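Trainee: Listed below, chain by chain, are the residues.
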Amino acid sequence: MRVAAPTAKPHVAARTEQIILFRISGQPFAVSSASVQEIRSVDSLAGVATEIDLPTLRKVRHVVRRGGKTLYIVSGAAHFGLPASAAGLVFVLRKTRTGLLVDGIDKMATMTRLQALPLAYCREERTWYRGLTALDQNVIPVVNPEGFLSADEFALLDASLVPEAVPLELAGEGMELPE
Amino acid sequence: MTPSVESTSQSFVLLRLGERRFAVAAVQISELVAPSRIFRFPHRTPKLEGVILRRGRIVPVCDVAEKLLGRMLTSRRFYLIAVRHYGDKSEWVALPVTGDCELIAAEMTNAGEADAPHVAGWISHNGEVIEVLNLDALTPGAEDAVGSKTPVVVLEVRP
Chain A
1 MRVAAPTAKP HVAARTEQII LFRISGQPFA VSSASVQEIR SVDSLAGVAT
51 EIDLPTLRKV RHVVRRGGKT LYIVSGAAHF GLPASAAGLV FVLRKTRTGL
101 LVDGIDKMAT MTRLQALPLA YCREERTWYR GLTALDQNVI PVVNPEGFLS
151 ADEFALLDAS LVPEAVPLEL AGEGMELPE
Chain B
1 MTPSVESTSQ SFVLLRLGER RFAVAAVQIS ELVAPSRIFR FPHRTPKLEG
51 VILRRGRIVP VCDVAEKLLG RMLTSRRFYL IAVRHYGDKS EWVALPVTGD
101 CELIAAEMTN AGEADAPHVA GWISHNGEVI EVLNLDALTP GAEDAVGSKT
151 PVVVLEVRP
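Chains as they are written, first to last, in my numbering: chain A, 1 to 179; chain B, 1 to 159.
The reader is advised that the hints may include incorrect statements.
Restraint ranges, calculated between C-beta atoms of paired labels, are given here [unchecked claim]:
#1 D158/A with D115/B: 45 to 53 angstroms
#2 S75/B with G26/A: 23 to 31 angstroms
#3 A151/A with S75/B: 42 to 50 angstroms
#4 G26/A with R44/B: 14 to 22 angstroms
#5 S75/B with D43/A: 46 to 54 angstroms
#6 P35/B with R97/A: 39 to 47 angstroms
#7 Q137/A with G87/B: 31 to 39 angstroms
#8 G50/B with S41/A: 26 to 34 angstroms
#9 E102/B with A155/A: 53 to 61 angstroms
#10 P46/B with D158/A: 32 to 40 angstroms
#11 G112/B with A84/A: 49 to 57 angstroms
#12 Q137/A with E143/B: 27 to 35 angstroms
#13 D100/B with F154/A: 51 to 59 angstroms
Since the hints were derived computationally from the structure, they do not count as laboratory data. Since this is a predicted model, take the numbers as computed values, not measurements. Glycine residues also receive a C-beta, built at the ideal position from the N, C-alpha and C atoms.
Please model the complete structure; the sequences and the hints are all you need to start from.
Mentor: Here it is as structure tokens:
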């Protein structure tokens with residue numbers, strides 16, 4: 001017995017999108033490569049990152065200065081509530097003052113369809129993800145680069161900084177990605 | 001309040017969860033499918049296990065057993081794919097069930113004020129009184145959001 005499927009949403013003009021498949025605590029995620037300004041090794045942060053300790057925001061433990069602006073380093077594992085893991089890379093995200101700690105990169109891929117997160121998902125994950133994509137018989141959540149820190153959290157972090165506490169500039173040792 | 005009785009018979013799908021049977025209006029059911037791989041990713045919505053891929057669509061799997069039986073299902077035989085309404089939108093949800101489903105015709109007695117929100121009504125079948133489920137109240141949606149925020153604008157990209 002079958003009834004008609006719910007009405008499909010209209011689609012905008014056809015296009016594809018390059019994505020980076022990466023892992024946090026073994027969990028696969030994807031992010032648009034256009035959202036990633038630079039990929040650095042965690043080791044490159046040693047000496048330039050300043051510790052930050054906000055009991056209400058444990059996912060941010062480090063801050064670095066970069067190009068005159070402050071970059072908050074978010075633990076992907078803490079953000080998504082995953083078991084702690086040894087992060088190997090940090091994604092410097094475009095258009096947001098966020099660096100994301102990840103275990104490593106699986107590969108680059110082309111996303112041909114981004115499906116909206118089902119409406120049954122109704123909590124913070126609606127901010128975390130742009131949607132889901134099916135790739136090689138897997139379903140991968142595509143993260144929203146602006147979903148790691150809210151405006152309130154940025155304000156809290158900014159207010160917690162002592163101006164001279166982050167004096168060093170992050171030197172250019174990472175891999176710059178084209179916009 | 002005296003519950004009113006529908007004068008015409010409707011079609012229902014009977015589903016089994018453990019030892020109990022429940023009914024869902026047949027018009028809300030899309031299909032019954034064998035269990036397939038569940039893809040899990042971090043989220044905060046209760047009752048959602050993950051998603052399955054079905055005919056190119058990503059369908060959330062919602063375990064309603066805990067709410068209906070007070071415990072999670074330890075085994076499952078099928079997913080009942082049903083249509084869930086979210087305001088003027090509708091989407092599929094997959095409900096794990098533990099036994100065969102059956103299509104019957106019955107007259108439904110509407111739920112009373114004392115019934116839980118997830119009870120749409122009651123039907124009688126083979127001497128058994130069976131709850132008709134209101135999936136819109138049983139499965140999570142925007143009304144379950146905590147400090148709900150503006151949904152992320154999602155682009156659809158296609159080749």
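Trainee: Run every hint past the structure and note whether it holds.
Mentor: Tested hints:
no.: 1; hint: D158/A with D115/B: 45 to 53 angstroms; verdict: 51 angstroms, holds
no.: 2; hint: S75/B with G26/A: 23 to 31 angstroms; verdict: 26 angstroms, holds
no.: 3; hint: A151/A with S75/B: 42 to 50 angstroms; verdict: 46 angstroms, holds
no.: 4; hint: G26/A with R44/B: 14 to 22 angstroms; verdict: 19 angstroms, holds
no.: 5; hint: S75/B with D43/A: 46 to 54 angstroms; verdict: 47 angstroms, holds
no.: 6; hint: P35/B with R97/A: 39 to 47 angstroms; verdict: 44 angstroms, holds
no.: 7; hint: Q137/A with G87/B: 31 to 39 angstroms; verdict: 32 angstroms, holds
no.: 8; hint: G50/B with S41/A: 26 to 34 angstroms; verdict: 32 angstroms, holds
no.: 9; hint: E102/B with A155/A: 53 to 61 angstroms; verdict: 57 angstroms, holds
no.: 10; hint: P46/B with D158/A: 32 to 40 angstroms; verdict: 33 angstroms, holds
no.: 11; hint: G112/B with A84/A: 49 to 57 angstroms; verdict: 50 angstroms, holds
no.: 12; hint: Q137/A with E143/B: 27 to 35 angstroms; verdict: 33 angstroms, holds
no.: 13; hint: D100/B with F154/A: 51 to 59 angstroms; verdict: 54 angstroms, holds
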